[in-house]
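So the protein lines, in turn, are chains A and B.
Here the numbering used here is used: position 158 in the first sequence is 158, and no number is missing along the way.
To convert, count from 1 in the second sequence and add 165; that's the numbering used here.
FYI, nobody ran anything at the bench for these hints, they're computed from the structure.
Where a beta carbon is used, it is the ideal one built from N, C-alpha and C, also for glycine.
Any given hint could turn out to be false.
As the list claims (entries may be wrong) - A few chain B positions that, by computed beta-carbon distances, are all more than 10 Å from chain A:
hint	residue
1	Glu176
2	Ala178
3	Pro209
4	Ser231
5	Cys232
Claimed, not checked - Cβ pair distances, simulated, as ranges:
hint	chain 1	residue 1	chain 2	residue 2	range
6	A	Val114	B	Thr206	16 to 22 Å
7	A	Cys16	B	Gln179	16 to 22 Å
8	A	Lys21	B	Asp213	29 to 35 Å
9	A	Glu132	B	Glu214	34 to 40 Å
10	A	Gln156	B	Tyr201	35 to 41 Å
11	A	Leu78	B	Val210	22 to 28 Å
12	A	Gln11	B	Tyr207	24 to 30 Å
13	A	Ala71	B	Ile204	31 to 37 Å
14	B	Val210	A	Gln158	24 to 30 Å
15	B	Asp174	A	Glu12	39 to 45 Å
16	A	Pro90	B	Tyr201	18 to 24 Å
17	A	Gly80	B	Ser177	41 to 47 Å
18	B	Ser177	A	Ser157	18 to 24 Å
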Amino acid sequence: MAAPFSYRLAQEIAACFSMHKVRYLFLGKSGAIILGFPDTTQDAVLFVERSSENSRALVSALVEMGFPLDAQRQEEILQGKDFVQIREGPFDLDLVFAPDGIERFEDAARRALVVEGLPVCHLDDIIRSKEEAGRVKDQEVLPRLRAFRDWWWERQSQGASGARE
Amino acid sequence: MRKFEVQTDRESAQYQEWIRDFEAAARRSLKQRMDYSFIRTYKPVLDDEGFRAFQTMEDYRRWCESCLPSWLGYGRSV
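Here chain B stands alone, though its shape is the one from the complex (with noise of 0.2 Å):
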């Protein structure tokens, strides 16, 4: 699995910007934070099928490895 190395230290100027963010949205309304949040991009693969189901999460997970393009991320390694 790719490693993910992000400074999470709290005095991190990382974190503190994390905070901002946390802070400056707390003041939006939830509509707000809804309407900026969710976003719509065409996903190769995913988006072509109108209808899928998995019996079970383990026949999802590997559909996704062996079925998408591991630069959508939905794999456990790129």
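Chain A extracted, bound-state conformation (with noise of 0.2 Å):
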């Protein structure tokens, strides 16, 4: 079984990614988190942008962080699919090229937070990326989630740090 996902591994995807100049974001709980969310998860989930360039960076960035990416698997990411799920590798992640709720990259990416060097979607798109998955599981954090935007956004107009926009 892979090792939970952690702080260190999240700088090493940063600092992989950004070598190989992958465009990503993080979202889902794994996005909250970074901005504070106090909660539990057990993935990393990545918005990626959908481009060939960027898809063929993204291999090369897997591949270096230890991924198990025979040429059949790295095909199916360079064929742009909408959802990738990876259970072998360094840490559990799921590659979301195509998340509900979110039309383009672009526009999640001039929304986006930079945390301690972690890109992360807005809070307005994790939630918004929620409400349209309606999942069960999207349905029991939601509630908890919208207080942790409000008193996020009241925090963030009272002048506290930790995040850029």
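Make the complex out of the two chains shown on their own, each in a separate frame, by following the hints.
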């Protein structure tokens, strides 16, 4: 079983993806946690820009990080699937190329925040994607996540630091 | 879909407890928050394949609903 995701692994993603020029954002509960949401989750979820250049960069970065991507798996990523789930390698990883509720990567990137080098979708986008996905586990977390967004906005308006848009 | 009745009125005890949680988390470093938040438990079926790719999100959602145990919460109903 892979190790749980951690701050160290997130920083490794940031360094490796930056080196390979991968365009991505943390999404889902993993993104909310980076923004300060106190909860638990199992997987890192990355919203990755869908383009052939970015997919090639992504594959190179994942291989360098130790994910066992043979030629067939690499091809599946390069083909531009909407969702890729990896459960072998240094940690569990979900790659989303077309998240529910977010039309274009560019729009999400414009609204994104960066926390200690980690690019994260805005809470509004995280909430919208969960609303649209409509899974039971999303419905369960949404009331608390919306409360966190409201608290977070109030705190930001009072000048709290920690993330930059 | 199952309905979740959660009291989110700002005056409610539940809401105030959440705020206390948020404030406590804000006093921790990002490293502490992340290292506390990510856990690893085995999820049947989901964790039994090393790699899956879905052409569309709808394909993925359908697979979740038809193949995963409903109690994992990946479907739109339990």
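Verification of the supplied hints:
no., hint, result
1, Glu176, "13 Å, holds"
2, Ala178, "13 Å, holds"
3, Pro209, "12 Å, holds"
4, Ser231, "14 Å, holds"
5, Cys232, "12 Å, holds"
6, Val114(A) <-> Thr206(B): 16 to 22 Å, "30 Å, violated"
7, Cys16(A) <-> Gln179(B): 16 to 22 Å, "41 Å, violated"
8, Lys21(A) <-> Asp213(B): 29 to 35 Å, "34 Å, holds"
9, Glu132(A) <-> Glu214(B): 34 to 40 Å, "26 Å, violated"
10, Gln156(A) <-> Tyr201(B): 35 to 41 Å, "23 Å, violated"
11, Leu78(A) <-> Val210(B): 22 to 28 Å, "26 Å, holds"
12, Gln11(A) <-> Tyr207(B): 24 to 30 Å, "26 Å, holds"
13, Ala71(A) <-> Ile204(B): 31 to 37 Å, "33 Å, holds"
14, Val210(B) <-> Gln158(A): 24 to 30 Å, "45 Å, violated"
15, Asp174(B) <-> Glu12(A): 39 to 45 Å, "42 Å, holds"
16, Pro90(A) <-> Tyr201(B): 18 to 24 Å, "20 Å, holds"
17, Gly80(A) <-> Ser177(B): 41 to 47 Å, "45 Å, holds"
18, Ser177(B) <-> Ser157(A): 18 to 24 Å, "23 Å, holds"
Violated hints for the displayed structure, listed by number in ascending order: 6, 7, 9, 10 and 14.
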